[in-house]
Amino acid sequence: MLKLNKKISVFAAIAIAFATSAVAGEKDVKVKAPKVRAIDAATEYKVEKGVYAGIYKVNTQTSKIKKFGYGKKATPDEIKVNDIDVRYDWQGLPDGKGTPAKGEELYTKNCVMCHGEFGAGGKGYPVLAGGQGSLKNQLIDPSSGDEPPVKTIGSYWPYASTLFWYVKTGMPFPHPMSLTNDDVYSIVAYLLSLNDIQVGGEDLDDDTVLDKKKLMTVVMPNVNGFYPDVNAKNGAQNVKKFLSNGKNYGTPMVRCMKNCKPGKVIRIKHTLDEGIKPPLSEKRDLPKVKAGGAADNKYAKLFEANCKACHGNKAIAPVPGDKEAWAPRIKEGKDTLYKHALKGFQGMPPKGGTNLPDADIKGIVDYMVSKSK
Amino acid sequence: MKQNTNNTTADRRGFLKNVAASVVAAGALVPAGLSAKDDPALMKEPEWGKKLGRPVDANLYGMPSPYEHNVQRRVHELLSSGDMYASVAMCPIQDLDGIITPNGLFFNRAHGGVAIVDPNEYRLIIHGLVEKPLVLTLDQLKRYPSESRIHFIECPANGSTGWRAPQFDTLQFIKGMMSQAEWTGVKLSTLLKDVGVKPTAKWVLAEGSDDSHMGRTIPIEKIMDDAMLVWAQNGEALRPEQGYPVRLLVPGWEGNLNVKWLKRLEFGDKPWHAKEETSKYTMLTPTGKAVQFFWPMEVNSVITSPCPDKPWTDLKKGDIVEIQGLAWSGEGTIKGVDISFDGGKNWTEANLKGLVLPKAWTRFSYIYKWDGKPIILSSRAYDDAGFVQPTITQEVSKMGVEGIYHRNAIVSWEVKANGEVHNVQVRDYKKEKEAIEKMQKGAKDA
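Chains A and B, in that order, are what the protein sequence lines are. Each position in the first sequence, counted from 1, maps to that position plus 39 in this note's numbering. Each position in the second sequence, counted from 1, maps to that position plus 163 in this note's numbering.
I should point out that these hints are in silico values taken from the structure, not numbers from a laboratory. Some hints could be false.
[To be verified] Subject to a maximum C-alpha distance of 25 angstroms in a straight line, what follows is the list of computed DMTMM-like cross-link-like pairs (lysine to aspartate or glutamate):
no.: 1; chain 1: B; residue 1: Lys361; chain 2: A; residue 2: Asp128
no.: 2; chain 1: A; residue 1: Lys85; chain 2: A; residue 2: Asp67
no.: 3; chain 1: A; residue 1: Lys272; chain 2: B; residue 2: Asp432
no.: 4; chain 1: A; residue 1: Lys297; chain 2: B; residue 2: Asp591
no.: 5; chain 1: A; residue 1: Lys162; chain 2: A; residue 2: Glu313
no.: 6; chain 1: A; residue 1: Lys106; chain 2: B; residue 2: Asp388
no.: 7; chain 1: A; residue 1: Lys362; chain 2: A; residue 2: Asp399
no.: 8; chain 1: B; residue 1: Lys516; chain 2: B; residue 2: Asp472
no.: 9; chain 1: A; residue 1: Lys337; chain 2: B; residue 2: Glu485
no.: 10; chain 1: A; residue 1: Lys111; chain 2: B; residue 2: Asp357
no.: 11; chain 1: B; residue 1: Lys593; chain 2: A; residue 2: Asp185
[Said to hold, decoys possible] Now the in silico label distances, taken between C-beta atoms and shown as ranges:
no.: 12; chain 1: B; residue 1: Asp260; chain 2: A; residue 2: Phe107; range: 38 to 44 angstroms
no.: 13; chain 1: B; residue 1: Glu210; chain 2: A; residue 2: Val151; range: 58 to 64 angstroms
no.: 14; chain 1: B; residue 1: Pro308; chain 2: A; residue 2: Gly314; range: 42 to 48 angstroms
no.: 15; chain 1: A; residue 1: Val293; chain 2: B; residue 2: Lys579; range: 30 to 36 angstroms
no.: 16; chain 1: B; residue 1: Thr476; chain 2: A; residue 2: Lys337; range: 38 to 44 angstroms
no.: 17; chain 1: B; residue 1: Ile279; chain 2: A; residue 2: His379; range: 35 to 41 angstroms
no.: 18; chain 1: A; residue 1: Thr99; chain 2: B; residue 2: Ile279; range: 36 to 42 angstroms
no.: 19; chain 1: A; residue 1: Lys272; chain 2: B; residue 2: Asp260; range: 47 to 53 angstroms
no.: 20; chain 1: A; residue 1: Lys272; chain 2: B; residue 2: Asn222; range: 41 to 47 angstroms
no.: 21; chain 1: B; residue 1: Asp260; chain 2: A; residue 2: Val75; range: 33 to 39 angstroms
no.: 22; chain 1: A; residue 1: Gly161; chain 2: B; residue 2: Lys536; range: 47 to 53 angstroms
Quick reminder that beta carbons are idealized off the backbone N, C-alpha and C, glycines included.
This is chain A alone, in the form it adopts within the complex:
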């Protein structure tokens, strides 16, 4: 064994290390497992004599205190407003109703730009429909032409409650919590119909009304596709049992030390390194400062905050970057542009109606000109 023996010097130990290529002795070494496991199969640590896990000291006074009494009691209304989840047994599902037809309308307005027509996905956003029958696919060799599994609402999700909860509290992505419950019912109805999922044993037609009672009858096709069973009475114990045996997920509990057979060396064929931003670098140098970098940034921000309402719309005022619109103006010279900006010109009030110092107005003009050359 190569653990540094305190009795021999470090240099001697190094010499031994250089001379040895593998641990002598048995081929497989069993690793000691704990007698008691925590809920996740981990070693369970206790506080003993005021020390946690044999390392962290703890203030033992804390455990003797029965109550601290901080905060206030939550009111029923506070709980009602904030309790926004929908559990798999439908606890928390609000009242409401909608139709696939109305859902399609809402989908076209709020969802299609990311999730594609008919939930087909795109631009990296999740596919929402299809994929049934693909879950056993394993694309170990991309050159084989095999298809990977497609995990969608219809092919993968075990519960429709999650769909309602997800749309209600997480969508539309840029402004969640903006849909009414009826809107959510409609979008859910549309997405279920896209996945050919029946409600109460019947297909969802465009005008089928989906309400609370009907939604609660939906059983998803892949409801039995997950393990261990956590919904059982002591479900967490099922997870513990599963995790306690490494064989369940390909984790050995012995160390092979000699003549192991891990396989062949596989090198990178297709690298993804080019897509890394910013590009990789281990150089220790000074950062390159772009010409006018910091200043440019300042005036870009001032422009955004003070000028863009008009100068972001061609119909109202010349937009930075519009070379054609700016060319004749630039030709008049900076002094004229400064004067117009400071004193006002045609429809624009002095300083564009702001209280910015003259220097900032000039800086913004410079920024707009530099963007438009």
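Use these hints to put chain B onto chain A, whose structure you have.
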């Protein structure tokens, strides 16, 4: 003595004068009058020694040296869900020393952007199967007796680009979806004394207040064991990227369960089946069935020096060099790390060094004399829960290649004769395919 000092100073001045003159005159690589053995960097007064430095009030919140600007988080379009709001910025673990990640470099995974929460408007609400539903302000929460613990947080998708084959040649993208900090907050078992959890409560929903309203279910056993509500990392307030002002800390468990911008805890008798424990964060296996509620991050390790980013190109044949890396387990404490020089055929024990803490990054080290020949370097950790880091083929033969999450197989580096280091995998595709096909067939027959 005084005489002696003066002489030395005089000699030095004269010498520097000569050097300065010769540098100007010659302009050559080795100026005249300077021996080739002299390091020019040492033969002149450096610029920063001849003028005042920055005033002490220049950066009242300090920044790293500008020369270290390349040490930063990095992103990749393929690791996002179409944008930079539901995405991840990877931690440059190749550039870290010790076991603590500076707050500005801590990996950043968000599902709806990084929320900037107003601490004055912050409230935590606790309800459900409890005697007294409770509302706490941030100040009230921080009144509870605090504890500090050092734990890693790792996204279970860390290393997921390697299921089929190696695709990145940088440690930052091979294992950078994790970081470690000293977290300070209150243990939930302490705080919940004010709530009174009913015996019927078996599960807790933790929910964030951000755009994604991230919800995850945690069993009561974990809540009462070592879970915490934390408000500080490495001595300062949580960064927005880590959930300012308060996040849940479930030591050793999937990063996603450590809910950021925490707003609500609901106690219930059943698990919830949130979007991130059904549609995502479940592992599809070759049988077509998926593993759910796989909470802990398994035993793992990686050699950080050398690595593709930190090669041995400056080493000569026969040089002595320290091989070191990180080992961690969400299921306990690292017991040991083995390393291999032949791609995992034969293994030898490395040494652990520094703090060896539960559910925490642990450094390992091995002093090696490199003979200049190509080697395949691998590390393999084991923990006090009895688990050993698997080979790629051991893991894939059970889990397949479509599980996305919880990939903790052995990482290997190819060190070439010129000292370059590249990411490689040592695996037996044939064996893996046979095992997968067998599982698929069994599932069909069943």
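Each hint, compared with the structure:
1. B:Lys361 - A:Asp128: Satisfied, since the Cα-Cα distance of roughly 20 angstroms is no more than 25 angstroms.
2. A:Lys85 - A:Asp67: Between Lys85 of chain A and Asp67 of chain A the Cα gap is close to 31 angstroms, so the pair fails against 25 angstroms, i.e. violated.
3. A:Lys272 - B:Asp432: holds (9 angstroms)
4. A:Lys297 - B:Asp591: Since the Cα atoms of Lys297 of chain A and Asp591 of chain B sit roughly 18 angstroms apart, the hinted pair holds (cutoff 25 angstroms).
5. A:Lys162 - A:Glu313: holds (19 angstroms)
6. A:Lys106 - B:Asp388: holds (19 angstroms)
7. A:Lys362 - A:Asp399: holds (23 angstroms)
8. B:Lys516 - B:Asp472: holds (22 angstroms)
9. A:Lys337 - B:Glu485: Given that 25 angstroms is the threshold and the Cα spacing comes to 47 angstroms, the pair is violated.
10. A:Lys111 - B:Asp357: Since the Cα atoms of Lys111 of chain A and Asp357 of chain B sit roughly 10 angstroms apart, the hinted pair holds (cutoff 25 angstroms).
11. B:Lys593 - A:Asp185: holds (16 angstroms)
12. B:Asp260 - A:Phe107: 38 to 44 angstroms: holds (39 angstroms)
13. B:Glu210 - A:Val151: 58 to 64 angstroms: Since Glu210 of chain B and Val151 of chain A have Cβ atoms about 59 angstroms apart, the given range 58 to 64 angstroms holds.
14. B:Pro308 - A:Gly314: 42 to 48 angstroms: holds (47 angstroms)
15. A:Val293 - B:Lys579: 30 to 36 angstroms: At roughly 32 angstroms between Cβ atoms, Lys579 of chain B and Val293 of chain A fall inside 30 to 36 angstroms, so the hint holds.
16. B:Thr476 - A:Lys337: 38 to 44 angstroms: Cβ of Thr476 of chain B to Cβ of Lys337 of chain A: about 42 angstroms, so the range 38 to 44 angstroms holds.
17. B:Ile279 - A:His379: 35 to 41 angstroms: holds (38 angstroms)
18. A:Thr99 - B:Ile279: 36 to 42 angstroms: Once the Cβ atoms are compared, 39 angstroms apart, the range 36 to 42 angstroms for Ile279 of chain B and Thr99 of chain A holds.
19. A:Lys272 - B:Asp260: 47 to 53 angstroms: holds (49 angstroms)
20. A:Lys272 - B:Asn222: 41 to 47 angstroms: violated (58 angstroms)
21. B:Asp260 - A:Val75: 33 to 39 angstroms: holds (35 angstroms)
22. A:Gly161 - B:Lys536: 47 to 53 angstroms: holds (49 angstroms)
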